[in-house]
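Visitor: Numbering-wise (the UniProt record's numbering), the sequence shown opens with residue 1 and increments by one.
Hints listed in this document are in silico derivations from the structure and should not be mistaken for laboratory results.
Yeah, the Cβ is synthetic: ideal placement off N, Cα and C, and Gly gets one too.
There may be inaccurate statements among the hints.
What the hints assert, rightly or not - With a straight-line cut-off of 25 Å between C-alpha atoms, the simulated DSS-like cross-links for lysine-lysine are:
{"#": "1", "residue 1": "K243", "residue 2": "K70"}
{"#": "2", "residue 1": "K85", "residue 2": "K70"}
{"#": "3", "residue 1": "K85", "residue 2": "K233"}
{"#": "4", "residue 1": "K232", "residue 2": "K301"}
{"#": "5", "residue 1": "K70", "residue 2": "K245"}
{"#": "6", "residue 1": "K85", "residue 2": "K243"}
{"#": "7", "residue 1": "K243", "residue 2": "K318"}
{"#": "8", "residue 1": "K243", "residue 2": "K232"}
{"#": "9", "residue 1": "K233", "residue 2": "K301"}
{"#": "10", "residue 1": "K301", "residue 2": "K405"}
{"#": "11", "residue 1": "K52", "residue 2": "K137"}
{"#": "12", "residue 1": "K301", "residue 2": "K400"}
{"#": "13", "residue 1": "K52", "residue 2": "K70"}
{"#": "14", "residue 1": "K405", "residue 2": "K318"}
{"#": "15", "residue 1": "K52", "residue 2": "K243"}
{"#": "16", "residue 1": "K400", "residue 2": "K318"}
To be verified - Simulated DEER-style distance windows between Cβ atoms:
{"#": "17", "residue 1": "G257", "residue 2": "L368", "range": "20 to 28 Å"}
{"#": "18", "residue 1": "L458", "residue 2": "S404", "range": "32 to 40 Å"}
{"#": "19", "residue 1": "N224", "residue 2": "R91", "range": "21 to 29 Å"}
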Amino acid sequence: MQACSGVENQSSCLSNFQDELRKSGPTAHSVLHAALRATLDEAMRAIDTITKFNALSVSYREQVAIEDCKELLDFSVSELAWSLKEMNNIRAGVNNVHYEGNLKAWLSAALSNPDTCLEGFEGTDRHLENFIRGSLKQVTQLIGNVLALYTQLHSLPFKPPRNDNATTTNSGSDKFPEWMTEGDQELLKGSSLGMHIDAIVAADGTGHYRTITEAINEAPSYSNRRYIIYVKKGVYRENIDMKRKKSNIMFVGDGIGQTVVTGNRNFMQGWTSFRTATVAVLGQGFVAVNITFRNTAGAIKHQAVAVRSGADMSTFYKCSFEGYQDTLYTHSLRQFYRDCDIYGTIDYIFGNAAVVLQNCNIYSRLPLDNQFNTLTAQGRTDPNQNTGTSIQNCTIRAAKDLASKFNNTGPGSNTTNRVHWPGYHVISGTEAANFTVSNFIAGGFWLPGTGVPYVGGLQ
Numbered sequence: 001m002q003a004c005s006g007v008e009n010q011s012s013c014l015s016n017f018q019d020e021l022r023k024s025g026p027t028a029h030s031v032l033h034a035a036l037r038a039t040l041d042e043a044m045r046a047i048d049t050i051t052k053f054n055a056l057s058v059s060y061r062e063q064v065a066i067e068d069c070k071e072l073l074d075f076s077v078s079e080l081a082w083s084l085k086e087m088n089n090i091r092a093g094v095n096n097v098h099y100e101g102n103l104k105a106w107l108s109a110a111l112s113n114p115d116t117c118l119e120g121f122e123g124t125d126r127h128l129e130n131f132i133r134g135s136l137k138q139v140t141q142l143i144g145n146v147l148a149l150y151t152q153l154h155s156l157p158f159k160p161p162r163n164d165n166a167t168t169t170n171s172g173s174d175k176f177p178e179w180m181t182e183g184d185q186e187l188l189k190g191s192s193l194g195m196h197i198d199a200i201v202a203a204d205g206t207g208h209y210r211t212i213t214e215a216i217n218e219a220p221s222y223s224n225r226r227y228i229i230y231v232k233k234g235v236y237r238e239n240i241d242m243k244r245k246k247s248n249i250m251f252v253g254d255g256i257g258q259t260v261v262t263g264n265r266n267f268m269q270g271w272t273s274f275r276t277a278t279v280a281v282l283g284q285g286f287v288a289v290n291i292t293f294r295n296t297a298g299a300i301k302h303q304a305v306a307v308r309s310g311a312d313m314s315t316f317y318k319c320s321f322e323g324y325q326d327t328l329y330t331h332s333l334r335q336f337y338r339d340c341d342i343y344g345t346i347d348y349i350f351g352n353a354a355v356v357l358q359n360c361n362i363y364s365r366l367p368l369d370n371q372f373n374t375l376t377a378q379g380r381t382d383p384n385q386n387t388g389t390s391i392q393n394c395t396i397r398a399a400k401d402l403a404s405k406f407n408n409t410g411p412g413s414n415t416t417n418r419v420h421w422p423g424y425h426v427i428s429g430t431e432a433a434n435f436t437v438s439n440f441i442a443g444g445f446w447l448p449g450t451g452v453p454y455v456g457g458l459q
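Let's have the full structure, built from the sequences with the hints guiding it.
Guide: Written out as structure tokens, the structure reads:
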């Protein structure tokens with residue numbers, strides 16, 4: 001079949017989809033729909049299989065890794081289900097300019113999750129990992145086939161239009177965000193915060209809740225409107241795990257260094273990197289403003305995440321991310337960071353999201369002896385994924401502890417001494433435009449509703 005000619009494993013592509021194709025005929029829509037349906041079923045079977053390995057785990061780290069795998073495969077099931085629903089809309093002729101961006105983002109994330117699952121077995125004897133890897137092989141192969149099919153069938157009529165305002169700046173400072181009702185605007189014209197507050201968290205007891213976790217638990221699930229949690233000045237020592245059902249949640253703090261969320265989970269305690277996060281967010285449309293997120297484990301504890309985001313269309317504005325190894329885990333889907341500070345030592349911006357960092361300060365800290373600073377570690381494994389880390393108009397500096405290391409010199413910006421690895425090259429303006437807010441993460445469709453400033457095109 002011509003539709004399977006571009007995928008890595010043509011035999012599995014044909015054998016898994018042929019039953020449904022016999023019913024509807026090998027049209028472009030039916031091929032992709034059949035592929036999604038078969039892949040979704042296989043992902044659900046993989047969860048059942050992985051659950052049975054619980055009895056074989058012999059260490060706490062293995063138990064945590066298995067739980068990670070089940071949750072991550074459940075993420076893939078959700079992302080495949082979203083994609084299947086989108087395909088049904090396409091087949092029904094529903095007009096939606098977001099089709100291409102949504103499908104590419106969701107399928108890319110669904111393919112990343114099995115990789116994260118296997119990464120959780122670092123630090124074990126790898127015996128159980130081999131069983132898990134075998135259980136994941138088919139579902140990973142199928143998701144890769146679906147992504148390849150989608151790429152090959154790119155002539156389907158669901159490309160989003162280009163944003164004519166791609167080079168303009170949305171300041172978000174002179175008017176209320178688009179998501180705010182006129183009634184809310186009237187109530188808030190005299191408010192110093194300038195927005196409607198649904199819940200107040202205060203460590204000193206002057207709010208509705210003393211912890212952020214309590215406020216999240218009481219927030220509505222699957223909300224279609226922005227639910228705003230104001231976190232007052234203070235230090236909040238808690239690990240937050242905000243599930244996918246908590247959509248459109250917004251945290252507003254009193255500023256970097258004023259509202260601080262801190263934890264110290266780390267790899268050396270037996271956690272997987274995935275579980276070390278002080279704050280983990282998954283709900284679509286998450287926004288955080290004026291908050292410091294911190295992991296205090298220190299360089300000696302190795303992987304220790306401050307924030308992990310797997311929230312589609314998530315936004316962080318005027319926030320600080322403080323840690324050492326693996327500080328900011330941009331795990332998956334579409335993300336935007338503006339006017340943020342990011343501190344770390346090794347791979348401290350990592351993951352496999354489609355992410356744009358704009359006007360941020362990136363600070364390298366002093367690593368341990370025999371270690372060296374690496375800012376990013378992008379996890380893309382498939383050429384058809386839409387993922388990458390785009391750093392735009394940011395400043396890279398040494399943190400105070402690194403700036404005073406003996407004999408540390410050099411401008412750092414001289415491109416003559418850059419690496420010569422395959423794929424590294426100086427790109428043109430046309431190529432660079434592919435990695436802007438408007439083109440790379442389709443920010444023109446969702447960032448205006450956050451009220452966060454951004455530049456859609458090249459600055």
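Visitor: Hint by hint, say whether it matches the structure.
Guide: Structure-based check of all given hints:
1. K243 x K70: holds (14 Å)
2. K85 x K70: holds (23 Å)
3. K85 x K233: Since the Cα atoms of K85 and K233 sit roughly 42 Å apart, the hinted pair is violated (cutoff 25 Å).
4. K232 x K301: violated (30 Å)
5. K70 x K245: holds (17 Å)
6. K85 x K243: holds (21 Å)
7. K243 x K318: holds (23 Å)
8. K243 x K232: The hint holds at about 23 Å.
9. K233 x K301: Violated, at about 28 Å.
10. K301 x K405: holds (21 Å)
11. K52 x K137: holds (17 Å)
12. K301 x K400: Judged against 25 Å, a Cα distance of about 20 Å means the pair holds.
13. K52 x K70: holds (11 Å)
14. K405 x K318: violated (29 Å)
15. K52 x K243: Distance of about 24 Å is within 25 Å: holds.
16. K400 x K318: It holds: about 20 Å lies between the C-alpha atoms, which stays within 25 Å.
17. G257 x L368: 20 to 28 Å: holds (26 Å)
18. L458 x S404: 32 to 40 Å: holds (36 Å)
19. N224 x R91: 21 to 29 Å: holds (25 Å)
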